[in-house]
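A.B. asks: Given next are the chains, with one letter for each unit.
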Amino acid sequence: MSSIRIKAKERKGEVDVKCLMKHDMETGLRKDKSGKKIPEHWIQDVTAELNGKAVFSCAFNTSISKDPYLAFAFSGKKGDTLKVSWKDNTGATDSAETQIK
Amino acid sequence: MFKSLNLGVAAVALAVSGAVSAGPLGIGSTATPEMIAGWDIDIRPDGTGLPAGEGSVAEGEGLYEAKCASCHGLFGEGAGRWPVLAGGEGTLDTAHPEKTVGSYWPYASTLWDYIHRAMPYPAPQSLTDDEVYSISAYVLYLNDIVDDDFVANKETFAQVKMPNEPNFYIDDRPDVKNERCFKNCADPKSFKIVTTINGVTPTGHFKEDSGVAANHYQGNPSDANGGAAAPQKVAMSDAATAGKAVYDKACQACHNMGVAGAPKVGDVAGWTDRIKQGMATLNDHAINGYQGANGVMPAKGGNMSLSDDEVKNAVAYMVESSQ
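For the protein sequence lines, the chains are A and B, in the order given.
So for the first sequence, our numbering puts the first residue at 1; every next one is plus one.
So for the second sequence, our numbering puts the first residue at 1; every next one is plus one.
Just so you know, the hints here were simulated from the structure itself, not pulled from any lab data.
Hints should not be assumed to be uniformly reliable.
Unchecked claim - Going by beta-carbon spacing under 7 Å, a handful of chain A positions derived as facing chain B:
#1 Lys7
#2 Lys9
#3 Glu14
#4 Lys18
#5 Leu20
Claimed, not checked - Some chain B residues judged to face chain A by a derived CB distance under 7 Å, without partners named:
#6 Phe75
#7 Val84
#8 Gly87
Unchecked claim - Some residues of chain A that are not near chain B, with every Cβ distance over 12 Å (derived):
#9 Cys19
#10 Leu29
#11 Asp45
#12 Lys53
#13 Asp67
#14 Thr90
Fair warning: this is a prediction, and the values are worked out from it, not measured in the lab.
Positions of the beta carbon are idealized from the N, C-alpha and C atoms, including for glycine.
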């Protein structure tokens with residue numbers, strides 16, 4: 001199951017997108033119980049593509065909370081395919097697709 | 001609306017009790033199976049109590065967004081301070097445990113029971129059985145416990161296993177046993193207090209002259225301070241005896257424990273050099289205050305309502321208890 005959940009709804013020509021990404025978003029500054037630093041692990045880039053064309057992108061950093069929630073809007077129509085993907089500092093990526101309702 | 005509803009219920013109750021009266025007082029009535037069924041809405045972990053009907057994750061999504069998401073969040077993340085429904089896996093043993101349906105709840109049946117019984121918050125018990133199945137299925141889906149094609153009904157719902165269920169167990173600690181000893185018992189005289197927490201353990205119930213209370217306050221007799229003698233054991237002058245009451249009232253807050261560098265009563269080593277200065281000096285320091293190398297003695301211990309004689313008596317008590 002993807003780490004991203006997306007809801008995309010069109011209303012009056014505007015597509016309202018809300019998504020939740022499951023991610024630890026470790027800053028690299030916290031310590032575990034034995035006093036060792038927990039290694040950095042955070043999402044760097046988030047991109048949204050509409051039918052393969054980028055419509056939204058943003059750079060996250062360590063001040064974003066665990067399991068980030070992201071909402072944005074753009075002009076679009078029902079039935080298009082929206083793909084949201086992220087890439088974190090370890091190079092890992094994940095993505096999810098949904099049909100705009 | 002509620003008033004008329006209550007009147008309606010009362011009328012039904014009267015009609016029934018008129019027909020059947022039970023018990024020696026002839027009041028009340030035997031509940032009919034229909035009455036019991038109205039109250040018997042709980043769902044057990046094994047699925048007992050689940051009604052017929054079914055609902056899918058897909059149906060639940062729309063219902064959830066319409067009836068639940070305004071408080072619990074679109075993804076179960078919780079709006080504001082409303083309860084979070086999803087996420088929080090692996091946080092239970094951390095400093096900030098997040099108890100959600102997925103991370104904490106042991107049984108899925110509770111979901112059905114609770115939604116049916118109490119949700120939505122402004123209109124509890126307004127959902128049909130199918131709607132409760134749908135929303136329950138969707139909340140499970142939000143927690144990644146079921147797939148998006150899951151359809152909940154009496155059979156499938158009872159089979160859902162929650163991730164945190166194994167961490168619940170029947171308390172396996174034994175009951176506290178306090179069996180009375182009749183033979184080969186330990187000698188009570190050999191019992192001794194090994195440790196106490198200073199200032200927390202009440203000492204008033206200890207016997208006078210047992211030394212227990214004094215040790216409790218003044219440390220172990222064999223410690224580095226040179227030992228502490230129980231003040232009560234020393235034969236004292238009249239002034240010192242009179243000074244004990246003053247000491248208990250005004251001085252012991254510091255001189256009992258050695259707060260702020262105060263010499264502890266009973267600490268012979270700490271008092272020897274001080275006593276050598278003579279009572280006049282000690283009395284002067286106690287009455288007028290004194291700044292020493294180790295700490296400060298406020299004038300009259302900060303209690304200006306004491307007379308000079310009372311302070312002198314207290315000094316005599318402390319000196320005679322500490323030599």
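A.B. asks: Which numbered hints turn out to be false for this structure?
C.D. replies: Of the numbered hints, 2, 3, 7, 9, 13 do not hold.
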